[in-house]
Amino acid sequence: MSNNSAANSSLVIAQKAVKQLRLEASVRRIKVSQAAAELKTFCLQNAHKDPLLTGVPSSDNPFRPPKSCVLL
Amino acid sequence: MAAEKAEMDALKKECDGLRAQIEAARKAVNDNTMSGAAGGVASVGRVQLKLRKTLKGHLAKIYAMHWSADSRQMVSASQDGKLLVWDCFTGNKLVAVPLKSAWVMSVAFAPSGNLVASGGLDNICTVYNIKAASPKTLRELDAHTGYLSCCRFLSDSEIITASGDTTCCLWDLETGKQKIMFTNHIGDCMSLALSPDMNTFISGACDSLAKLWDVRDGACKQTFSGHTSDINAIAFFPSGNAVITGSDDCSCKMYDLRSDQEVIGYQDTSLNAGVTSLALSSSGRLIFAGYDDFNCHIWDSLKGEKVGVLSGHDNRVSCTGVPDDGMGVCTGSWDSFLKLWN
Chain A
0 MSNNSAANSS
10 LVIAQKAVKQ
20 LRLEASVRRI
30 KVSQAAAELK
40 TFCLQNAHKD
50 PLLTGVPSSD
60 NPFRPPKSCV
70 LL
Chain B
0 MAAEKAEMDA
10 LKKECDGLRA
20 QIEAARKAVN
30 DNTMSGAAGG
40 VASVGRVQLK
50 LRKTLKGHLA
60 KIYAMHWSAD
70 SRQMVSASQD
80 GKLLVWDCFT
90 GNKLVAVPLK
100 SAWVMSVAFA
110 PSGNLVASGG
120 LDNICTVYNI
130 KAASPKTLRE
140 LDAHTGYLSC
150 CRFLSDSEII
160 TASGDTTCCL
170 WDLETGKQKI
180 MFTNHIGDCM
190 SLALSPDMNT
200 FISGACDSLA
210 KLWDVRDGAC
220 KQTFSGHTSD
230 INAIAFFPSG
240 NAVITGSDDC
250 SCKMYDLRSD
260 QEVIGYQDTS
270 LNAGVTSLAL
280 SSSGRLIFAG
290 YDDFNCHIWD
300 SLKGEKVGVL
310 SGHDNRVSCT
320 GVPDDGMGVC
330 TGSWDSFLKL
340 WN
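Residue numbers (numbering that gives the first Met the number 0), protein chains in the order written: chain A, 0 to 71; chain B, 0 to 341.
Hint data in this document are derived by calculation from the structure and do not stem from the laboratory. Heads up, the beta-carbon is just placed ideally off N, CA and C, and yes, glycines get one too. It cannot be assumed that every hint is accurate.
[To be verified] Output of the computed footprint for chain A on chain B, the stretches with three or more beta carbons under 8 Å from beta carbons of chain A:
1) 11–19
2) 42–51
3) 94–105
4) 115–124
5) 136–148
[What the hints assert, rightly or not] Calculated pairs, DSBU-like style, for lysine-lysine (alpha carbon to alpha carbon, straight line, at most 35 Å):
6) A:K48 <-> B:K12
7) B:K176 <-> A:K15
8) A:K18 <-> B:K4
9) A:K48 <-> B:K92
10) B:K220 <-> A:K18
11) A:K18 <-> B:K12
12) B:K135 <-> B:K60
[What the hints assert, rightly or not] Here's a subset of chain B near chain A, in silico, CB distances under 10 Å, partners left out:
13) R25
14) S34
15) A36
16) G80
Let's have the full structure, built from the sequences with the hints guiding it.
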């Protein structure tokens, strides 16, 4: 009996594997040249809004403590 | 018995055939590389970010951090048994959440800012209300049979978890029950990232694969291979059309979802340390990758070149994060400190 159920579960696993691969094989793929061009365009179009690329001016830097003079 | 063996052989043959078909289909559209397409793009030059704050407060290794959607608060998790919620503008600690189990591996902030979640070797994802007078446990999500490696909120009522039991799971926080299980990895799931539109998420696992899942129907839609060791970190490119992975094989890779393949790799012969974490700048141009070599190296995502480094930690960089407004990078380390850079 246990032999049968082991064999059955291997079969079920194999059937699931085939089903999954069929799904993944059916994906519609676009050319890498087009995909890469669009990723590049996205970066370039958003570059001016990217503070880590453009730099953060000291006066506007939320992580930098505001400079203040303390007279003791 | 013979019939079953014959069926198994037929199924195995079909699997092999399908794998070959997928590889052929990927090759057929592989007419360029990302670095090839970016040939004409100006270099970003040397990226030199300054250390703006060191957040001190944890007493042991920091394992995870996550920015709040307000780009100001951030939550960190340490194996000192605490979650700390920080105001990163002032450096003040706002909330301390004591954990039942100190073996925490992941932490997440809900988009609303009302809830945080954490989990680890206890196999449980615990959700806390941090807006109450003192942090209150809202839910203990207990069904994984392996450690909790990562968690991310979809909203105050849904969270996705990734586990060492090789599955990911979507939970309903109103009932505390599992809604959908995502099963297909054959190794511990180590990290997950939500797509910008929240309809899909990506997981990275110890089987060296990254998988794209449909949040609502549980289906694994695509599988990306190429890494030769555990994938520890994963993130979506901001357009939602690509994912970046970081691995124990010391490299990062970008996979484009629509061409279903790797389009560029980020590795350097001088870098012999595993990648623990990664985050992207808001345009997607810069990748901040935390490594076991105590540094966070900065990569140009289009050209595949190393363009900078964040040095300052005295131990492994275990977590990295860029807030939604892109104003800085936070690194967290086994040295017990968090650092803010921009």
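Taking the hints in turn, this is what the structure says about them:
| no. | hint | result |
| --- | --- | --- |
| 1 | 11–19 | holds (count 5) |
| 2 | 42–51 | holds (count 4) |
| 3 | 94–105 | violated (count 0) |
| 4 | 115–124 | violated (count 0) |
| 5 | 136–148 | violated (count 0) |
| 6 | A:K48 <-> B:K12 | 51 Å, violated |
| 7 | B:K176 <-> A:K15 | 25 Å, holds |
| 8 | A:K18 <-> B:K4 | 19 Å, holds |
| 9 | A:K48 <-> B:K92 | 29 Å, holds |
| 10 | B:K220 <-> A:K18 | 12 Å, holds |
| 11 | A:K18 <-> B:K12 | 13 Å, holds |
| 12 | B:K135 <-> B:K60 | 24 Å, holds |
| 13 | R25 | 7 Å, holds |
| 14 | S34 | 9 Å, holds |
| 15 | A36 | 4 Å, holds |
| 16 | G80 | 27 Å, violated |
Checked against the numbered hints given earlier, this structure breaks hints 3, 4, 5, 6, 16; the rest are met.
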